[in-house]
Amino acid sequence: MYTLVRTLAVTLLISIIIVVPDSGASCMDEKQIIQDNSSPLAEGNTLSQLVACTKANFRLSVEMGSTKVLCCPDVLLTNVLLTTWKITLRGQTLCTKSYDKEENQTSDNCTDERITWASRPDLSPDLQINGAAVTHDGTYICEMVNSTGNLQHEYQLQVLVHPEANIFLSKNKTLVCEAVAGKPAAQISWIPPGHCQSEEETTSYSNRTVTVRSSCSYSGNVSTVTCLVSHLTGNWSLSESLPSGIITASESPVSSLLIILFVKFSVLVVVLVIVGFAFSGKINACR
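If you use mature numbering (1 follows the signal peptide of the UniProt record, and there is no 0), the sequence shown corresponds to residues -25 to -1, 1 to 262, in order.
These are calculated hints, taken from the structure and not from any lab test. Please note that a few of the clues may not be correct.
Unchecked claim - Quick list of in silico lysine to any residue cross-link-like pairs, SDA-like style, CA-CA up to 25 angstroms:
| no. | residue 1 | residue 2 |
| --- | --- | --- |
| 1 | Lys30 | Arg65 |
| 2 | Lys148 | Asn196 |
| 3 | Lys146 | Trp165 |
| 4 | Lys146 | Glu118 |
| 5 | Lys76 | Arg65 |
| 6 | Lys30 | Glu118 |
| 7 | Lys76 | Lys148 |
| 8 | Lys76 | Asp112 |
| 9 | Lys76 | Val120 |
| 10 | Lys148 | Leu203 |
| 11 | Lys148 | Leu213 |
| 12 | Lys146 | Pro167 |
Unchecked claim - Here are the computed distance ranges between Cβ atoms for each label pair:
| no. | residue 1 | residue 2 | range |
| --- | --- | --- | --- |
| 13 | Leu203 | Asn79 | 39 to 49 angstroms |
| 14 | Val155 | Gly106 | 17 to 27 angstroms |
| 15 | Gln103 | Val197 | 46 to 56 angstroms |
C-beta atoms are modelled at their ideal positions from N, C-alpha and C, and glycine is treated no differently.
Full structure from sequences and hints, please.
Listed below in structure tokens is the structure:
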């Protein structure tokens, strides 16, 4: 029975999908999450040691320009024979960084110098990304081999670019709020709501940044408007006062001209009708 349990445990693949916030140059958050989400088998010391093939999947994000440390499984390094990082950047082929404990040798065919070991690989197997760029979007897998099997952490990394938010009054007297060159696209809302139109345009195809632009018009009784920009890197609140006497959509020159023409036309019709009746009366009187 013990042999059967051992065989099942060794071949067991525990897959955990976790969304991890940006924790900077630290592995503690990921390790704590693994402990908090561990299998009930981990409560038994004997069986927990038999779970030899464990896989954890992480989806995480990091802001452009910051430093990020990606962690390998939290195990005793004295039991690890081989550590390999498999890295597939967006639009690139697979490259690897590995450390062989028995040979005390490292191998590396990755060309990005900003992706390094966080420390000496014999002291720490973790990976460090220095000055994250949008080119670091991709998949990072740490595989560790010990005497009983393999352990693996897989990361889906997204690099975020915070947008530049601004608000202004356009030439046609409408308010415009922009979130320029963000990754991913930001969301824009208004307080109070107005008659708004939004559009998106790709700022840079290589960086996958997007500019979101929202244009709003308001009735004459609105004095101050606030634009809210929401993004994974933060939130912005921008306010703009509407000048007195501003011409808004409901008071546009075209609308005013149509009203004036309609009034003049109505008066002209009334005058013509009166003149017509008067002229008709004179003709009847002459008969």
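Inset, instruction - Return the numbers of the hints above that this structure violates; sort them in rising order. - result: 4, 5, 7, 8, 13
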